[in-house]
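Protein chains: 2
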Amino acid sequence: MNPLENIRIVLVDPKYGGNIGAVCRVLMNMGITDLALVAPHNKLDWAEARKLAYHAEGLLEAHNVFQTLEEAVADCTVVAGTSARTGMYRDHAGLPREIAPVVIDSAAHHKAALVFGREDKGLFNEELAVCTHIINIPSSELYRSLNLSHAVMVCCYELFLLAGGGSDYKPPEERSPEAGSAMRERLFETWSAMMLETGFCEEEKLGHMMLGLRRIFSRGKLTENDVRILLGLAKQSRWVAGELKRRQAK
Amino acid sequence: MNPLENIRIVLVDPKYGGNIGAVCRVLMNMGITDLALVAPHNKLDWAEARKLAYHAEGLLEAHNVFQTLEEAVADCTVVAGTSARTGMYRDHAGLPREIAPVVIDSAAHHKAALVFGREDKGLFNEELAVCTHIINIPSSELYRSLNLSHAVMVCCYELFLLAGGGSDYKPPEERSPEAGSAMRERLFETWSAMMLETGFCEEEKLGHMMLGLRRIFSRGKLTENDVRILLGLAKQSRWVAGELKRRQAK
Chain A
1 MNPLENIRIV LVDPKYGGNI GAVCRVLMNM GITDLALVAP HNKLDWAEAR KLAYHAEGLL
61 EAHNVFQTLE EAVADCTVVA GTSARTGMYR DHAGLPREIA PVVIDSAAHH KAALVFGRED
121 KGLFNEELAV CTHIINIPSS ELYRSLNLSH AVMVCCYELF LLAGGGSDYK PPEERSPEAG
181 SAMRERLFET WSAMMLETGF CEEEKLGHMM LGLRRIFSRG KLTENDVRIL LGLAKQSRWV
241 AGELKRRQAK
Chain B
1 MNPLENIRIV LVDPKYGGNI GAVCRVLMNM GITDLALVAP HNKLDWAEAR KLAYHAEGLL
61 EAHNVFQTLE EAVADCTVVA GTSARTGMYR DHAGLPREIA PVVIDSAAHH KAALVFGRED
121 KGLFNEELAV CTHIINIPSS ELYRSLNLSH AVMVCCYELF LLAGGGSDYK PPEERSPEAG
181 SAMRERLFET WSAMMLETGF CEEEKLGHMM LGLRRIFSRG KLTENDVRIL LGLAKQSRWV
241 AGELKRRQAK
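Those protein sequence lines, which keep their order, are chains A and B.
Okay, so the first sequence: first residue is 1 according to this note's numbering, each after it adds one.
Okay, so the second sequence: first residue is 1 according to this note's numbering, each after it adds one.
Bear in mind the hints are in silico, worked out from the structure with no lab data behind them.
Check the hints yourself; a few may be wrong.
The list treats identical chains as one, so a pair stands whether inside a single copy or across any two.
With a Cα cut of at most 35 Å, we get these calculated DSBU-like pairs of lysine-lysine [as the list claims (entries may be wrong)]:
id	residue 1	residue 2
1	235	111
2	111	205
3	43	15
4	15	51
5	111	15
6	235	15
7	205	245
8	250	235
9	205	43
10	250	51
11	121	15
12	250	111
13	43	245
Computed from a prediction, not measured in an experiment: that's the story for all the values here.
Model the full assembly from the supplied sequences, consistent with the hints where possible.
Right under this line is the structure:
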């Protein structure tokens, strides 16, 4: 089973609809679908929530509501709460990257929850006491407190990567295969000729120039298509140089 | 020099003030202060931007505006653009965690830029061509496109961690030192006595029960304060059990 399907995101007493909507978008981006709200504020701006959910409205509609955190996580084994503050319970706190493996391992077989507190006051101590783990999201001393959806983004990003989310997303290789050595050498030969024939450099400086050029073209992969373009370009310059020479000779 | 001070976040043609504000909050959370806007939409909602910047209004006010991406990154060595799409230029794309070291290494000595495109269309090919690196933020097939401030969050979080942001944030150890073996054994003795005296279990099952209890208390660190609490609790129960026995004997 995909562990992400066993992960529940729990927002305790959220105040702003926009934040709930933004969280829905994050969850859909990160392949998580289970959203629970605990005692949501009764004057939530649901229109704003739908606006920010943008393409994740279905996930927003499907959220569950609980009156207490205990009820929201009753069926979960690992319950990881987030906290920017230090204080009691902080002795088992860890960075998102440290806690993510615990959550993913557990979510392979059981429900697991990530719990986020109020926008202004976070989770209360009695709520942190319900959590088996505490996540501290690292942030600058200049400004510790993250926006709710940004905190959810960081934690879910770590879970998504660990669940293999990044691995299937390695950008595909260029459709054109990488150029082999022979093709590359043909390129350098043609460029050498071009540099001499156009008068770009003199014979005695060519070796030095070509070393530089080789270094430039070796920094990234060079595909067969790339080489064809570079070859064509050099051939064209050689033709121009040749034409000029013929006319000068007339 | 702190490499984060050399990092510039460039937003190309952003449409929504709220997103710009949310990005400012992210930057301040992640210790980055240099924000550049390229050709920002002329009907931007700046009131919304200030609202979302929340405590990062100063950073919002200090942003620089450029007419082209080339001008915005003219003094930068590494220029990393973000793209959800595949297409030309994608052959040098990498995950945020792969590109972050390149950016941080460069930012130790030079200006480096992270470039984010329009909310709807991202960066155009001619803009990606200006970038030395391309970042693909991994996301679910269900919904690839991240909100602008969430994309900035993920990238800046990786930079912040790499620049050592997480390391100074390890939550401090409990002030109470971890309990030594002797103290732990005193705890188990007292609990054994308590379990017998309160009639919780019989002599022949005590060994088995205590093994279970030892396992429970060994899962996490046990501080001296923890032990004092657990000891006090057991002593109280023993006193209650003793009192009861005395009264029954009368």
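Here is how each hint holds up against the structure:
| no. | hint | in the structure |
| --- | --- | --- |
| 1 | 235 <-> 111 | neither (64 Å within a copy, 38 Å between copies) |
| 2 | 111 <-> 205 | between (69 Å within a copy, 34 Å between copies) |
| 3 | 43 <-> 15 | both (8 Å within a copy, 29 Å between copies) |
| 4 | 15 <-> 51 | both (16 Å within a copy, 15 Å between copies) |
| 5 | 111 <-> 15 | within (26 Å within a copy, 39 Å between copies) |
| 6 | 235 <-> 15 | neither (67 Å within a copy, 45 Å between copies) |
| 7 | 205 <-> 245 | within (21 Å within a copy, 105 Å between copies) |
| 8 | 250 <-> 235 | within (23 Å within a copy, 115 Å between copies) |
| 9 | 205 <-> 43 | neither (77 Å within a copy, 56 Å between copies) |
| 10 | 250 <-> 51 | neither (74 Å within a copy, 75 Å between copies) |
| 11 | 121 <-> 15 | both (11 Å within a copy, 31 Å between copies) |
| 12 | 250 <-> 111 | neither (86 Å within a copy, 54 Å between copies) |
| 13 | 43 <-> 245 | neither (82 Å within a copy, 57 Å between copies) |
In summary, the structure is inconsistent with hints 1, 6, 9, 10, 12 and 13 from the numbered list given earlier, while agreeing with the others.
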